[in-house]
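Visitor: Those sequence lines, one after another, are chains A and B. In terms of my numbering, the first sequence opens at residue 1 and continues consecutively. In terms of my numbering, the second sequence opens at residue 1001 and continues consecutively.
Everything labelled a hint here was simulated from the structure, so no lab data went into it. Where is the CB? At the ideal position from N, CA and C, for every residue including glycine. Any given hint might turn out to be false.
To be verified - DSS-like mimics (lysine-lysine), calculated; alpha carbons at most 30 Å apart, straight line: (1) A:K92 <-> B:K1066; (2) A:K336 <-> B:K1240; (3) A:K270 <-> B:K1012; (4) B:K1250 <-> A:K270; (5) B:K1270 <-> A:K254; (6) B:K1270 <-> B:K1336; (7) B:K1012 <-> B:K1092; (8) B:K1254 <-> A:K66; (9) B:K1270 <-> A:K292; (10) A:K336 <-> B:K1092; (11) A:K92 <-> A:K12; (12) A:K250 <-> A:K292; (13) A:K270 <-> B:K1292; (14) A:K66 <-> B:K1292; (15) B:K1240 <-> B:K1292; (16) B:K1066 <-> B:K1292; (17) A:K66 <-> A:K12; (18) A:K270 <-> B:K1254; (19) B:K1336 <-> A:K92.
As the list claims (entries may be wrong) - The following residues of chain A were derived to be distant from chain B, with all beta-carbon distances above 10 Å: (20) G33; (21) S37; (22) V63; (23) I72; (24) K92; (25) R100; (26) S109; (27) D121; (28) S191; (29) A202; (30) K209; (31) K254; (32) N273; (33) Y304; (34) L321; (35) S346.
2 protein chains.
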Amino acid sequence: MTLILSNDDVEKLLTMPDCIAALEEAYVEMAEGRGISRQRSDCITPTTYSDDAIYGLKSMDGVVPKLGVGAIRINSDIVTNPLVGNTRRRVKIPAAPNDRYVGLVLLFSTHNGEPLAIFPDGVLQRMRVGATNGLGVKYMARANAQTIGLLGSGWQAETQLTAACAVRDIRHIRCHSPTRANCEAFAARMSEQLGIPVEAVAQPEDAVKGVDIVMCGSNSLDPIFFQRWVEPGMHLSSIKKPEIEPAAIKAAHKVAVHTHDTSPILVVAKGANFRENTKEAGWNAANALDFKTFPALPQLIAGYVSGRDDDAQVTCFLNNLGLGYQFAAAGSVIYKRAVEAGAGHSLPTDWFTETVHP
Amino acid sequence: MTLILSNDDVEKLLTMPDCIAALEEAYVEMAEGRGISRQRSDCITPTTYSDDAIYGLKSMDGVVPKLGVGAIRINSDIVTNPLVGNTRRRVKIPAAPNDRYVGLVLLFSTHNGEPLAIFPDGVLQRMRVGATNGLGVKYMARANAQTIGLLGSGWQAETQLTAACAVRDIRHIRCHSPTRANCEAFAARMSEQLGIPVEAVAQPEDAVKGVDIVMCGSNSLDPIFFQRWVEPGMHLSSIKKPEIEPAAIKAAHKVAVHTHDTSPILVVAKGANFRENTKEAGWNAANALDFKTFPALPQLIAGYVSGRDDDAQVTCFLNNLGLGYQFAAAGSVIYKRAVEAGAGHSLPTDWFTETVHP
């Protein structure tokens, strides 16, 4: 049978510790060259949805033979670029029927090629981001780290905390985000979920002052953490490049990135109202940070390089780019747990295979 | 609803003339830069299937905004490389449950992103190859061409003939392939299907002598058509590079290729028993034919270049590489016809979409 799972299924089946463990094993495979990843590709065209929107068909592949799976993650997006204040934001529109987004993971067996499962990417998308930064914490933060300062309370913030709490004995968290009410609601929810105090604070400085781990989990394309806030022994963590001021990155004794994979393959059709993410592009050029010179997370996990030499060092982990590989690794756990639990809709595998030679 | 279609559905729903018309329209879009394609990628790893086998996860994307669709074609293959005689062959194993292959096309709407259909790639795979060479015939063969010499009687041969017969008033076909019995069975079947004489002949020279159109539709990695067989006014057609002797290609007045897309992105894991197709690689290097210098089929169809200037010219079309784009173009017709016919299994689109932001 081929399983069709929902985001609810994924949420119930995959715990953060399981997700972290699967990625950890998979990254060792990647460091050793036994696990492989194909960089993301974005095909961008006009859409009839609206004149200022674009259509994007995006895909990324990865195979983890040790876990017996290959995965392809596909996004079929309607995207607009509204001006919010002075900033142009990239906004995905839930334009599919019933106001829904379209992101899918297809999981295949490396043993016999069969399609094992199809499930939406939304819940796993943020879990794998969290798990990846969690592994950054595990391999780079002080072993005795107990406090987190979180910048951001949006859709990526939650899994940043659950992941960090899965790898360190965290006792206290402070968080800040621009809209006070959002931040307070987030803090209340996370306090209950994690069973430790999560405190909303009015200023970003208040969130990060004196903490062991700084986590940037925002959707900002401008720096939100600055060199002047760096303290000895801190671990800095970011889910995208521009969050941490380049001077702060340069001030760290150890810096690691998620991957050395190159930028996505970008194919843009004539007439597509496509705006390059100029802020991020500008950030790259202006700061002359060559990410290839930093070790990648798999190299840390496989033990080729150390993430930290002593408790006084400042460390920094930049989750610079996602990989289809992560969907394969975590997908292997989701599939296994789904089979055990009898979850999802079971469809005949014959519907997704063929007797005709392809 | 999202439709799950079978190869039988595809075969019933898509006629060769429809497939040719959809590709023709899509190629104009491509020539004008409005339709786009992402080159194929192959992720190759070991598999537990057997020591001498490899696992391959392959994908290619394409979007045709004018037809309202994007498509991704995925293959999840177990492949072996047995020695057959003196030649090492690349053999896909139907290793999935019930001895089946795994190749899928996912079709999405560029209007709202929704997943429209999922169907196996096998039937469409050979139809789009045939349709592409058919368009080569339409734009390069003599308008009064009436005879075809076909080399090959295997799984690609049939659609080569149906496509050519869809664009020219073909009256007589001769075919040759190494195993006489196969060739005779093929000839008998195609005679009935096409309603014109299809004659199996003992020697390749007999098949191609005096014909208007030579079609190579074999699985050979060695040349099967030679310069000494070229006659004035002939159109030469091939489904892969090495079939036509380079000297014969060079003897043609007009040569066109399917695409200028670069070779597939190849990512190979350590330990994969992967054999590069050295014959084809050697062919490229040895013959110094720079395919970028030949016009591509979309340029012919859009009228940027002519395929033939007079009836005496020898023309040559090389179907050098497939594109995900073809699956989008033909997929748009399959989907439209499937909706009209109420074909396939209808599943709730909500199963393949999400409320969670991806």
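Visitor: Hint by hint, note whether the structure agrees.
Guide: Hints, one by one, checked against the model:
no.	hint	verdict
1	A:K92 <-> B:K1066	22 Å, holds
2	A:K336 <-> B:K1240	41 Å, violated
3	A:K270 <-> B:K1012	34 Å, violated
4	B:K1250 <-> A:K270	34 Å, violated
5	B:K1270 <-> A:K254	29 Å, holds
6	B:K1270 <-> B:K1336	44 Å, violated
7	B:K1012 <-> B:K1092	25 Å, holds
8	B:K1254 <-> A:K66	50 Å, violated
9	B:K1270 <-> A:K292	21 Å, holds
10	A:K336 <-> B:K1092	27 Å, holds
11	A:K92 <-> A:K12	26 Å, holds
12	A:K250 <-> A:K292	14 Å, holds
13	A:K270 <-> B:K1292	21 Å, holds
14	A:K66 <-> B:K1292	40 Å, violated
15	B:K1240 <-> B:K1292	16 Å, holds
16	B:K1066 <-> B:K1292	27 Å, holds
17	A:K66 <-> A:K12	24 Å, holds
18	A:K270 <-> B:K1254	29 Å, holds
19	B:K1336 <-> A:K92	27 Å, holds
20	G33	4 Å, violated
21	S37	7 Å, violated
22	V63	5 Å, violated
23	I72	6 Å, violated
24	K92	7 Å, violated
25	R100	4 Å, violated
26	S109	8 Å, violated
27	D121	5 Å, violated
28	S191	23 Å, holds
29	A202	27 Å, holds
30	K209	31 Å, holds
31	K254	27 Å, holds
32	N273	12 Å, holds
33	Y304	15 Å, holds
34	L321	16 Å, holds
35	S346	12 Å, holds
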